[in-house]
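Novice: Single-letter residue listing:
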Amino acid sequence: MEVFATALPALNDAFAMILQPHVIGYLLLGVVMGLCIGVFPGLGGIAGLSLLLPFMFGMEPVTGLALMVGMVAVVPTSDTFASVLMGIPGSSASQATVLDGFPMAKKGQAARALSAAFASSLFGGLVGAAFLTVFILAARPIVLLFQTPELLMITIFGLSMVGILAGRVALKGLVAACLGILVGTIGEGASSGALRMSTYDMPYLVDGLKLVIVGLGIFAIPEIVALLRRDRAISDRAPLGGGWAEGVKDWWANKWLSVRCSLIGVVVGVIPGLGGSVVDWIAYGHAVQTSKDKSGFGSGDVRGVIGPESSNNAKEGGGLVPTLLFGIPGSGSMAIFISAVALLGTGSIEVGPSMLKNNLDFTYAIVWLLALANVAGTIICIAASGGIAKLTEIRFALLAPFLFMIIAFAAFQSRQEIWDLVALFGIGLLGILMRRFDWSRPAFLIGFVLAGPAERYTNQAYQIGASRFRRGFEEGIEYIFSPIVIVLVIITLLSVVIGLRQSKNIQAEGAVASGSKRAPIIFLLAVTAYIALAYWNAAIIPDFARMDRVFPVFVATVALIGCALLLVQMMRADETSAIFADREAEDAGENVHGLWATLGWFASLLIASAIVGFILALAGFLLLFIRLRAGKSWIYATVYTGIGIAFICAMAWTLNRDFPPGLLQSYFELPWPLT
Amino acid sequence: MLKKTLGALALTSALVATHAAAEGHSIDLAGKTVEWIIPFSETGGSAKWANFYAPLLSEALPGNPTVVVTFNPGAGSTKGANAFQEMEYEDGTTIFGSSGSTQFPYLLSDPRVRYEYSDWNVVLASGTGGVAYLPPELSAQLGEGGDASALRDEDFIYGSQGATRLDLVPLLAWEMLGLQVEPVFGIEGRGDGRLMFERGEANIDYQTSSSFLSGVTPLVEAGTAAPWFSFGALDAEGNIVRDPTFPDMPTFKEVCDATEGCETSGEQWDAWKAFFVAGFPAQKMVFLPAGAPDAAVATFTEAFAAIQQREDFAEISKARLGVYPQLTGDAAKTAMASATDVPQEAKDFVINWLSERYGVVLQ
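Chains as they are written, first to last, in this note's numbering: chain H, 17 to 691; chain W, 11 to 373.
Where hints are given, some of them may not hold.
Not everything, but these chain H residues come out facing chain W in the computed CB check (under 7 Å) [unchecked claim]:
# : residue
1 : F73
2 : G343
3 : S355
4 : Q476
Incomplete in silico selection of chain W near chain H, CB under 8 Å [claimed, not checked]:
#  : residue
5  : A57
6  : F62
7  : G84
8  : K89
9  : A93
10 : P145
11 : D165
These are calculated hints, taken from the structure and not from any lab test. Just so you know, these numbers come straight off a predicted model, no measurement behind them. From the three backbone atoms N, C-alpha and C, an ideal C-beta is built for every residue, glycine too.
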């Protein structure tokens, strides 16, 4: 009762603050800006908030909050467009949506998938806000219960989702996940700064690869290339009528799934340190595990959209807890949010431990602004989805250059070096091959995302645990095996057992026929060679930096054993076995263009960028691609190019960004945007 | 390089040149965009600092140019600093914000450093302080004046960002006091270190002043943390005195004096003091690139001085920067000199200590 005595007046004040016309107006402005930014894959809340920062100084606190919260809240709503329609993860929040959303779009059910996703997003956002209103008062001690061993167990639980997403050959999924982890360890070790698979001569790799690049490379590029080779529209049949109402009905039919996934989203979002980038995978895994009929997952089951989408908006609410209560940002956009709040008004709102005591009304205002923004954003998105879904009916050759332009621009925001594009292309190539030989790309991505936390928490838990054991055996055991850890261990074991038993039914990326033996074996050998190299590279890290050695060596060992077993299986199995899956064989009848010719177009864009800079290279690329590959007239191609260049320049100008320069720019000073 | 205003710029550049020459002591930035390069990501402390100053700077500079903060993170800020070193002064539209994390690799002869502070022109030096704190039950065991002798058998855990970063200052301080501190590396910011303390996993921690005020003071009020000492501040003669933000707290120097076996003179102390001075009293600095004319330096110096003359400066800067000197002009130059010109013995001592204690080899 005491809780309500504090909460109710503050809640009342919060609503009085929010429900003013100008506050709602700013919220809507933020929502519209957030939707515009979220639609473009790779540009998330960080880009949007940076855009708003200059205006925050001295702004009235509530209006400033409304503007920012409006923007942050709807990014995970509108990024669904890219995930469902193009198969491109719009941001880390909607990677899992791709798995079932995109196949639905291919089947002409884009509008249905979108509206199911938006309904789930809305619901998730509201559940998140309602849960937080009560929970935020009790959150502090609960969050503090999650010490390093608990964080490590949650990370391992996230990794166990690989079991469900491993595909038909579980071993391949395991090796893919290990490969993802090893790619995630590239760069300076977190513990002693030892270098893994990088040298100071190539500074780009020292900081490691960024999620934006790996996400876009592993999912977006293979899909774009595959669609281009077929030379048709994304949707391979006429759209079904009444799409969007259907999606809402789907959501209603699965409302309990939506509730559970929303709660998963809030809870995982609340825990600082994980950044919520695995929430959607955990929700997806949960959706699969709790469904009776699993055969449709991966080839367009609407539940595979409802699960992750319910969780990712709820997660934004959950992420507010570490941000507001501890002053520790749960994500990059939240970090900017904190610094922006300090600029508001007279700087009297201090994000941190005093927030609940001194600014409970503001805290509630933020929580419910978030909910309101979700409502507004969803309504706008549903209204727009019918029209935007028509994109799937356009011939893909006309869409692809535009998409590639945006992806390259987004990747370039990672480090603003030409190497960003090289890395995108390299990871893209890996993605294409993994897709071709039916290696689980979700498993790879989960590995990549969790490599950092897994290594960090392992080392820290080991160090702190060792110190506790020095004090006494009991104290050590209590630390390592807290009740929360034990519960998490049980959940993880159950999830792995269930996952392994059922993974054969879940083909996260559809069925794939088998081809000849040679190509899959060559790919396996190449993967093995990289892993062996990574193993050797980590093993030579000297003793004083051993904390940076143990983790990659362990993971590489597991992966090498996996590779060896796969090789043995391959030698024994005959050509038709699932282990030799080769999408080239499956799609042979549909592909109009060759893989390497299609890839050559993008490689030429990359090489031309390195020589004459991105904008000039892009102009040439768009012109020639539309004329030669798409077969349109020169006039059509020129107009297309003009619009494309104008669009990307406008976007860069608004966001205050530059484009990758090439060799040309190091000799000649050129005016923006050619720099 | 951001050159979106280049069109307008080309038209006015001749005009500007005559203006500057005529007035002799200031440059006009009307219609231009000043790019403030921060060699860290959008999410760090330097971003907060620059975002605080940027709108004020825009108001204070002649011609009220747009001031944008851009981020060039990588390799612990050495990448951005190396890039800045390559730049030459053009028209005063590029400035650079360094931090302690830029200073330390420079002092420790990190092989990645290809920049030279003495080439640059400092126009602002912002200081900060630091406060060490303990759990109350350990704090209760402290002796007179913060004497740490009773804690020598305690098994300390400290969440650290890395021994070669600013954490070098507290790590060396713990060691001088004779404490057994095991740093747990790999945390991503001091906020994570505080969280580790709050969870009871770490039992010693420090925060910079503004983070202490916002993050730890509530814990002190709730009785779950107890302040121990501040690192102190520098007076005009370069002596360590009590931190004006925390006048009631002893400085590390006082605690060291009170603790048996901790010396406030000699090689170790000199090294600690040198790195403290490099890391805190002039932690964040703003530079114009090499070759900037006096007029440009004077313009920016005056602008930053004018910001501090604002009536509301004390109020708006308190939460963001703490009550610390924001030095301009000669004072900034002196601060930069003391922060980047560390005696060779101090450098050698720390480099040797890092390699013996943590196995860090900088080559």
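Novice: A separate judgement is required for each hint: does it hold in the structure or not?
Specialist: Evaluated hints:
{"no.": "1", "hint": "F73", "verdict": "4 Å, holds"}
{"no.": "2", "hint": "G343", "verdict": "6 Å, holds"}
{"no.": "3", "hint": "S355", "verdict": "4 Å, holds"}
{"no.": "4", "hint": "Q476", "verdict": "5 Å, holds"}
{"no.": "5", "hint": "A57", "verdict": "6 Å, holds"}
{"no.": "6", "hint": "F62", "verdict": "7 Å, holds"}
{"no.": "7", "hint": "G84", "verdict": "5 Å, holds"}
{"no.": "8", "hint": "K89", "verdict": "6 Å, holds"}
{"no.": "9", "hint": "A93", "verdict": "10 Å, violated"}
{"no.": "10", "hint": "P145", "verdict": "13 Å, violated"}
{"no.": "11", "hint": "D165", "verdict": "5 Å, holds"}
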